[in-house]
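Peer 1: Hey, can you work out the whole structure from these sequences and the hints?
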Amino acid sequence: MIPLTESNVKTYEEINEKIKKGDAVVVTAEEMVRIVEEQGEKKASNEIDVVTTGTFGAMCSSGAFLNFGHSDPPIKMEQLWLNDVEAYHGNAAVDCYIGATKMSVTKPFVYGGGHVIEDLVSGKEITLRARAYGTDCYPRTSLETTFNIDDLNQAILCNPRNAYQGYNAATNGRNETIYTYMGKLLANYGNVTYSGSGCLSPLYNDPDYETIGIGTRIFLGGGVGYVIGEGTQHNPKNHRGTIMVKGDLKQMSPEYLKGAAFTKYGTTLYVGVGIPIPILNEGLARKTAISDADISTEVIDYGVPRLNRPSLRKVTYQELKTERIQLNGRTVKVSSLSSLKTARKVAQTLKKWIEEGRFFVNKPAETLSTTIGFKPMKITKEIQYVRSIMIPAITTTTDTSIHDVAKLIVEKNVNHIVIVNNDDTLKGIVTSFDVTRAVANNRDKLEDIIVRRVYTAKPDDPVDAAAKELETHKISALPVIDEKRKVLGIITSEEISQLLAK
Amino acid sequence: MKIMIMFDPGKVGEAITSNVILEKKVPFNILTAKIDKKGGEMLIEAPDDKAFELIEAFKEKGVRVETRKFVEILPHKCINCGQCFSICPVDAIKYDEDYSITLKQEDCIGCLQCVDSCPLEAIVKAS
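Quick note, the sequences are listed as chains A and B, same order.
According to my numbering, the first sequence is numbered sequentially starting from 2.
According to my numbering, the second sequence is numbered sequentially starting from -4.
Since the hints were made in silico from the structure, they are not lab data.
Here are the simulated DSSO-like cross-link-like pairs (lysine-lysine), alpha carbons at most 27 Å apart as the crow flies:
id : chain 1 : residue 1 : chain 2 : residue 2
1  : B       : Lys89     : A       : Lys346
2  : B       : Lys89     : A       : Lys315
3  : B       : Lys72     : A       : Lys125
4  : A       : Lys265    : B       : Lys89
5  : A       : Lys364    : A       : Lys11
6  : B       : Lys45     : B       : Lys6
7  : B       : Lys72     : A       : Lys346
8  : B       : Lys89     : A       : Lys322
9  : A       : Lys322    : B       : Lys72
10 : A       : Lys322    : A       : Lys353
11 : A       : Lys322    : B       : Lys99
12 : B       : Lys64     : B       : Lys29
13 : B       : Lys120    : A       : Lys265
14 : A       : Lys265    : B       : Lys72
15 : A       : Lys342    : B       : Lys89
16 : B       : Lys120    : A       : Lys334
17 : B       : Lys29     : B       : Lys120
18 : B       : Lys120    : A       : Lys108
19 : A       : Lys334    : B       : Lys72
20 : A       : Lys342    : B       : Lys120
21 : A       : Lys475    : A       : Lys487
22 : B       : Lys72     : A       : Lys247
23 : A       : Lys334    : B       : Lys99
24 : A       : Lys353    : B       : Lys72
25 : A       : Lys342    : A       : Lys247
26 : A       : Lys342    : B       : Lys72
27 : B       : Lys99     : A       : Lys342
28 : B       : Lys64     : A       : Lys334
29 : A       : Lys11     : A       : Lys22
30 : A       : Lys346    : B       : Lys99
31 : A       : Lys251    : A       : Lys21
32 : A       : Lys251    : B       : Lys72
33 : A       : Lys315    : A       : Lys485
34 : A       : Lys475    : B       : Lys29
35 : B       : Lys72     : A       : Lys108
36 : A       : Lys44     : A       : Lys19
37 : B       : Lys89     : A       : Lys334
Peer 2: This is the structure:
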């Protein structure tokens, strides 16, 4: 059952007949916005045959199946590396899957599976190293060789999740820069990044998946590919549909498959995907006329180290594309992470292929689900949160003398004194070492020695995140504060060590 | 125009910057400065028509002067995503009308924040 569709005024066969004759009217999803605005849905649905979409973004759930053929003597590979990036081997002797985010053993965070795929498509030589345990039928136990894409029997790009219908925009509320899969996010909501091509987004142009499903022929990585079903995490009810795709890597182009490395996050692959939407009825004319103003997303605080991160505001793609948005009363610069320029080129290229009679539309064997849900991971063993291991902080105000702070450190047997304002909000911190140094240098004002740039934790942060913070900044304690910066306690490396010892 | 003034350890005690301003009566903006007893660098923004005069004045006082670019965007690597755009504190990086990314060298202050923001390693420190 397909809901929300209207009776067709055209068939796939009629559209393909026009494509064959060179008569098909093809426009990009960007052009369609204006056409429907000017001509109306009815006229547009009669006149326009196909609307092309496009996106070119970092798609971590990407990879390729490769088959090398057999060596002499033959080997059943147990572990293998392509340019020092480990590929998955759990199939027959010389099959493997190279995943985009797997990083090089020798150049981690710089080179990974995505780069191997780009190098393959570019025709470059790749080094294959493999080892095996050796069997009666596969006696060989190690192998080192080089190959290029032409030496392979199959090189099939097969991506479990591509072309997310829409995605969050990201910002960072912490007081330090963070590095994420949404790119570099500056401290204190200093910038915003977003992904997705807005009105060119493939799935947003057919949001009820009337024409998209198993077998839909698409533009993939500069070649022809196919949708092979719903992608992982397909979440149609929240406008977060995804597709699983495959295509022959040998036909693709490095212009639309780019290995990438996000600093301190890891490697991935930029993939160009374009889906043609046949305008079978008036409803599809209306849907493909979706504009950037019609598509909205949330600006999420990636500074919060939890699954449910708070949203700061709703924003449309129209606003995002103006390059600056208002956030917490400030104007903040906005970056696209996917390339809008290349997304346009994908849609234009697909349009050209259809106009030249080189690419035909087809009815899917089965359309994507419109009802399936997406749920978080089932967790049977809870991790520890800061709340459960924090201890009361020993606090004081800046009118205390350094001598009294020293006494407090001795009396309470602690190394950190948290300095608060009169309303118990965080002002700074001093360590026993700071006090010792102050005494050695004959300084007597607490105001002069407190550290004001304090790294903090929230009670609902995982202990792992707090431990990473301590390690990154080479410090030994984090005051725990609430939303209003009121001091709730402190977590020190001592509590974390005790937790590990358990 | 942006000019980098480089002070050797022996020069940091002298009031070179103040004297250049007083002598030439040309005000300029100090964009970044990192100078201690081991020497250091100061990036200034000078009015284009007075830049040459200032460069000569600094040189006369025995400090090294350079006009240079700090970073380069490698066109064969850049995919025009624009992650660097929101990182740049001075709007030296811009989106063109067709969403190409461009870097205006004369606006760059060499903070290098964009370098590690680029997922394609397309922004490199200029040698």
